[in-house]
Amino acid sequence: MSFARLVLVVMAKDLRAELRTKEALNASLAFAVVILVLLSFVIESDDVPQKALGNLLWLVFAFAGTLVLNRSFAREVPNDCLDALVAAPISGAALFLGKALASFLLVLAMELVALPVFGIFYNVRWAQQFWPLMLVTVLGTWGVTVIGTVFSALTVNIRLREVMLPMLTYPMLLPALLGAMELTGDLVTGTPIGPDTVTWLKLLVGFDVLFTAASVTLIEFILVG
Amino acid sequence: MRDKILYVLGALAVLVLARNLYVIAGLPQEAAQGAIFKIIFFHVPAAWTAIVAAITALTMSVQFLRTKDFKYDAAAVAVTEVGLAFLAANLVTGSIWARVIWGIWWTWDVRLTSALVCWLLYAGYLMLRHAIEEPTQRATFAAVFSILAFLDVPIVYFSIRWFRTQHPAPVFLSSNGSFPADWTRVLLSNWLGLLLLAIVMTAIRLRQEESQREIDSLRRAAHAM
Numbered sequence: 001m002s003f004a005r006l007v008l009v010v011m012a013k014d015l016r017a018e019l020r021t022k023e024a025l026n027a028s029l030a031f032a033v034v035i036l037v038l039l040s041f042v043i044e045s046d047d048v049p050q051k052a053l054g055n056l057l058w059l060v061f062a063f064a065g066t067l068v069l070n071r072s073f074a075r076e077v078p079n080d081c082l083d084a085l086v087a088a089p090i091s092g093a094a095l096f097l098g099k100a101l102a103s104f105l106l107v108l109a110m111e112l113v114a115l116p117v118f119g120i121f122y123n124v125r126w127a128q129q130f131w132p133l134m135l136v137t138v139l140g141t142w143g144v145t146v147i148g149t150v151f152s153a154l155t156v157n158i159r160l161r162e163v164m165l166p167m168l169t170y171p172m173l174l175p176a177l178l179g180a181m182e183l184t185g186d187l188v189t190g191t192p193i194g195p196d197t198v199t200w201l202k203l204l205v206g207f208d209v210l211f212t213a214a215s216v217t218l219i220e221f222i223l224v225g
Numbered sequence: 226m227r228d229k230i231l232y233v234l235g236a237l238a239v240l241v242l243a244r245n246l247y248v249i250a251g252l253p254q255e256a257a258q259g260a261i262f263k264i265i266f267f268h269v270p271a272a273w274t275a276i277v278a279a280i281t282a283l284t285m286s287v288q289f290l291r292t293k294d295f296k297y298d299a300a301a302v303a304v305t306e307v308g309l310a311f312l313a314a315n316l317v318t319g320s321i322w323a324r325v326i327w328g329i330w331w332t333w334d335v336r337l338t339s340a341l342v343c344w345l346l347y348a349g350y351l352m353l354r355h356a357i358e359e360p361t362q363r364a365t366f367a368a369v370f371s372i373l374a375f376l377d378v379p380i381v382y383f384s385i386r387w388f389r390t391q392h393p394a395p396v397f398l399s400s401n402g403s404f405p406a407d408w409t410r411v412l413l414s415n416w417l418g419l420l421l422l423a424i425v426m427t428a429i430r431l432r433q434e435e436s437q438r439e440i441d442s443l444r445r446a447a448h449a450m
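Top to bottom, those sequences are chains A and B. Position 180 of the first sequence, counting from 1, maps to 180 under my numbering, and the rest follow consecutively. To convert, take the position in the second sequence, counting from 1, and add 225; that gives my numbering.
Derived by calculation from the structure, the hints in this document are not laboratory data. You may find that some hints are simply not true.
Examples of chain B residues lying across from chain A (beta carbon under 7 Å, computed) [said to hold, decoys possible]: (1) Val287; (2) Leu290; (3) Phe366; (4) Ser384; (5) Trp408.
Keeping only pairs whose Cα atoms sit at most 25 Å apart, straight-line, the calculated DMTMM-like set for lysine to aspartate or glutamate is [what the hints assert, rightly or not]: (6) B:Lys296 <-> A:Asp83; (7) B:Lys293 <-> A:Asp83; (8) B:Lys296 <-> B:Asp441; (9) B:Lys293 <-> A:Glu18; (10) A:Lys202 <-> B:Asp334.
None of these values were measured; they are calculated from a predicted model. All residues carry an ideal CB built from backbone N, CA and C; glycine is no exception.
Assemble the whole structure, with the sequences as input and the hints as a guide.
Spelled out as structure tokens, the structure:
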């Protein structure tokens with residue numbers, strides 16, 4: 001089988017497993033709504049600039065997304081499925097990219113539900129720059145997913161996995177989150193991406209490319225040793 | 226033999242630092258800032274030492290992944306811990322200076338924030354190590370994390386730099402510097418002292434790491450009997 005096909009097979013397997021139980025997706029969605037509600041007590045919609053609300057959205061995405069990413073490799077631990085996957089005749093890179101793509105689609109699904117909820121709760125007309133916003137969401141989410149999937153693999157066998165993953169992920173993700181926050185803050189208030197903000201878009205693309213390449217290179221060490 | 230070299234290096238570090246303290250005390254006060262300015266002789270070299278430590282940790286981690294030789298793993302953890310201590314010294318001295326000059330202990334300026342994020346990243350490295358029991362897995366995962374963390378450092382720095390800046394412009398290695406040449410000599414000599422101290426600390430930590438490994442293998446042998 002070709003590399004792309006192997007990636008798609010792993011992705012389809014992960015999506016099927018998740019959609020049958022929906023445990024990570026439901027937990028992540030519910031958590032996103034809980035944070036959105038909690039944030040409303042911290043900020044009164046009237047005196048906080050709408051741009052800041054757009055920034056907060058990425059905290060919601062990052063926190064709720066971690067719940068999906070936590071499961072990515074942890075799902076394979078019962079019944080020693082991870083050993084079977086590693087022993088299967090596919091490269092670590094294909095396994096990693098398949099898993100990352102599956103998590104990416106799940107996190108994206110959570111975000112696409114959370115966005116309108118956010119708009120309703122905080123009276124933000126978030127869809128004014130719909131396609132640029134989708135681009136930023138996709139780029140930011142891929143950054144979150146790549147780092148999250150690598151660290152999900154790193155922390156799969158260790159004590160306190162659920163505690164370690166966020167502790168390791170968020171400092172590493174900071175540049176991607178910062179870029180996504182800056183752009184989303186502008187876009188939900190209807191400001192298009194201009195010459196001063198295009199730097200952030202470049203940063204997001206750079207972050208995604210660099211860490212995808214690094215992860216694909218290093219994943220074999222994590223899976224096989 | 227190794228002990229003697231360590232003692233000599235340690236004594237040398239103490240001598241250099243003691244001499245520098247005397248020289249720094251004798252320097253005139255800076256026109257605008259007064260005596261607090263002299264903290265720069267520790268603040269800046271501590272940061273440089275931490276950077277040297279981070280580069281060494283990266284080299285050791287790559288070497289470990291290439292050779293699977295545990296001496297590189299021991300060196301990586303030893304140098305990361307010492308580097309973290311120096312980065313902490315950098316943050317604390319900076320904070321003390323800021324309290325006097327800016328009137329605040331902390332501000333979310335680019336250098337401060339990126340230094341803190343780096344500190345958190347490498348603290349995550351140590352936490353990850355503590356959480357993994359199996360030595361080979363611990364060494365491999367830690368090495369992968371160290372490489373990813375090092376890749377992240379420049380992106381973190383530039384992203385926060387685009388975000389905001391308040392830190393005084395660096396006066397070294399830049400065209401707008403106005404640091405007297407003889408003061409630069411004192412600063413470099415203090416860096417030498419701190420570097421020597423860092424080397425001694427790393428060597429001591431390295432020996433602890435080796436003893437730990439020996440104890441572990443003896444314990445395993447005892448269990449096997």
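Supplied contact hint for B:Leu290, tested at 7 Å Cβ to chain A: Because about 6 Å separates B:Leu290 from the closest Cβ in chain A, which is inside the 7 Å limit, the hint holds.
Hint validity - B:Phe366 Cβ closer than 7 Å to any chain A Cβ: Interface hint status for B:Phe366: holds (5 Å vs cutoff 7 Å).
Proposed proximity, B:Asp334 with A:Lys202 (alpha carbon, max 25 Å): 22 Å, holds
B:Ser384 as chain A interface residue, shortest Cβ-Cβ below 7 Å: 4 Å, holds
Pair hint outcome, B:Lys296 versus A:Asp83 [Cα-Cα no greater than 25 Å]: Since the Cα atoms of B:Lys296 and A:Asp83 sit roughly 28 Å apart, the hinted pair is violated (cutoff 25 Å).
25 Å Cα cutoff - pair B:Lys296, B:Asp441: 15 Å, holds
Interface hint for B:Trp408, Cβ within 7 Å of any Cβ on chain A: 35 Å, violated
Restraint check, 7 Å cut-off on beta carbons, for B:Val287 near chain A: 10 Å, violated
Agreement of B:Lys293 and A:Glu18 with the hint, judged by alpha carbon distance not exceeding 25 Å: 36 Å, violated
Given hint A:Asp83 paired with B:Lys293 - CA-CA distance at most 25 Å: 21 Å, holds
Checked against the numbered hints given earlier, this structure breaks hints 1, 5, 6, 9; the rest are met.
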